[in-house]
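Novice: The lines below spell out each chain.
There are 2 protein chains.
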Amino acid sequence: ARPKVGYFYTGNANQNIMLQKISNIKIEDIMSLPIVVNDQTTLYDTIVTLFLEDVGTIYVNTNGSLSGVVSRKDLLKSIIGGSDINKIPVGMVMTRKPIVTIRKNENVIVAANRIIEYEIDSLPVIEDFEDEGKIKQRVIGRISKSNITKLFVELCKG
Amino acid sequence: ARPKVGYFYTGNANQNIMLQKISNIKIEDIMSLPIVVNDQTTLYDTIVTLFLEDVGTIYVNTNGSLSGVVSRKDLLKSIIGGSDINKIPVGMVMTRKPIVTIRKNENVIVAANRIIEYEIDSLPVIEDFEDEGKIKQRVIGRISKSNITKLFVELCKG
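So the protein lines, in turn, are chains A and B. Sequential numbering of the first sequence, starting at 34, is according to my numbering. Sequential numbering of the second sequence, starting at 34, is according to my numbering.
To be clear, the hints were calculated from the coordinates, so they are not data collected in a lab. A few of these clues could be false.
For identical chains, the list gives no copy identity; a pair is met inside one copy or between any two copies.
[Stated by the list, open to error] Pairs of lysine to any residue residues, derived as SDA-like cross-links and limited to a Cα-Cα distance of at most 25 Å, are as follows:
#: 1; residue 1: Lys190; residue 2: Ile153
#: 2; residue 1: Lys190; residue 2: Arg136
#: 3; residue 1: Lys106; residue 2: Lys183
#: 4; residue 1: Lys190; residue 2: Thr134
#: 5; residue 1: Lys137; residue 2: Glu160
#: 6; residue 1: Lys59; residue 2: Ile173
#: 7; residue 1: Lys137; residue 2: Ile50
#: 8; residue 1: Lys110; residue 2: Tyr77
Looking at chain A on its own, in the form it has when it is part of the complex (with noise of 0.2 Å):
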């Protein structure tokens, strides 16, 4: 059996090149501008907002910080359920905590098990502040499969 450290093949160094580099790829290298409406923002607006940002995930902010998610597949859903999007805020169909995040100083590797574990199309990159005496999290970045396949087609460009 060989030897193994985490993830990273522990065999001879040079033999693992591409290995090496991805897990000196941090999250902050290759994190995309994060997309947050507030969670009274009505299901039209939240739409729009994701068509114009072109993006698959929203994230959404109660008071600064961070308290849901809503994708394409929850806002096609809760048309099909018959939710005037005109009036209800994306507050009521967002999936609530847990989120799963991940920090800016994290391993990318450890971005892409988790995106994959968790059956999602993208991680919110969070970064805690402090808010009347109590420890809260901001959204700082994004980072989706997307990011994955492009550091993929990357790497492989040698």
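Here the structure of chain A is known, so what remains is to put chain B in place on it, guided by the hints.
Specialist: Quick look at chain B alone, frame taken from chain A:
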């Protein structure tokens, strides 16, 4: 300058075990089952199929041959635009030719490049068949950013 052939770094072969591995992976090794509907299917039934099969893109056939592609985004857009989802057939809102496709014996790097270049979520894997003297294409698979992300995770496990 280091020599390049296509996407593959052609330096010391021993130093690029991972790239060598990737260059041997074909579409048919990692593709998923395609979800296909007939062009007369209503938008409502297409959306239901999309949820039941949990895919982001559905391929559309006309007389057994690939004629279009429809995504969650296309469906959201047509609903927002006021389409009667119980009456309109998917053939009226799908994206028509030229459809970006791939074949089962092509390399996985070609697929990843094509997905990024055309900014799409998935590629239908097609093969030719003869119908009344004409060469047509049928869909035999689907390759998406999910497949690429899963492959990335597997490769990083060593």
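Novice: Have a look at Lys190 and Ile153 and pick one of within, between, both or neither, based on CA distance no larger than 25 Å.
Specialist: Cα proximity of Lys190 and Ile153: across copies only (20 Å, versus 27 Å in one copy).
Novice: Cα distance capped at 25 Å. Does Lys137 pair with Ile50 within a copy, between copies, both, or neither?
Specialist: within (23 Å within a copy, 29 Å between copies)
Novice: At 25 Å max between alpha carbons, let me know whether Lys59 reaches Ile173 within a copy, between copies, both or neither.
Specialist: Within one copy only: 14 Å inside a chain, 37 Å across chains, cut-off 25 Å.
Novice: For Lys137 and Glu160, with the copy left unspecified, which applies at a CA distance of at most 25 Å: within, between, both, or neither?
Specialist: within (8 Å within a copy, 42 Å between copies)
Novice: Go through the copies and call it for Lys190 and Arg136: within, between, both or neither, with a Cα cutoff of 25 Å.
Specialist: between (27 Å within a copy, 21 Å between copies)
Novice: Treating 25 Å as the Cα threshold, decide for Lys110 and Tyr77: within, between, both or neither.
Specialist: Both. Shortest intra-copy (14 Å) and inter-copy (11 Å) distances satisfy the 25 Å Cα cut-off.
Novice: Between Lys106 and Lys183, at a C-alpha cutoff of 25 Å, which is it: within one copy, between copies, both, or neither?
Specialist: Close inside one copy (23 Å) and across copies (21 Å); limit 25 Å.
Novice: Using 25 Å as the alpha carbon limit, work out where Lys190 and Thr134 are close: within a copy, between copies, both or neither.
Specialist: between (29 Å within a copy, 21 Å between copies)
Every hint, counting from the list given before, is met by this structure.
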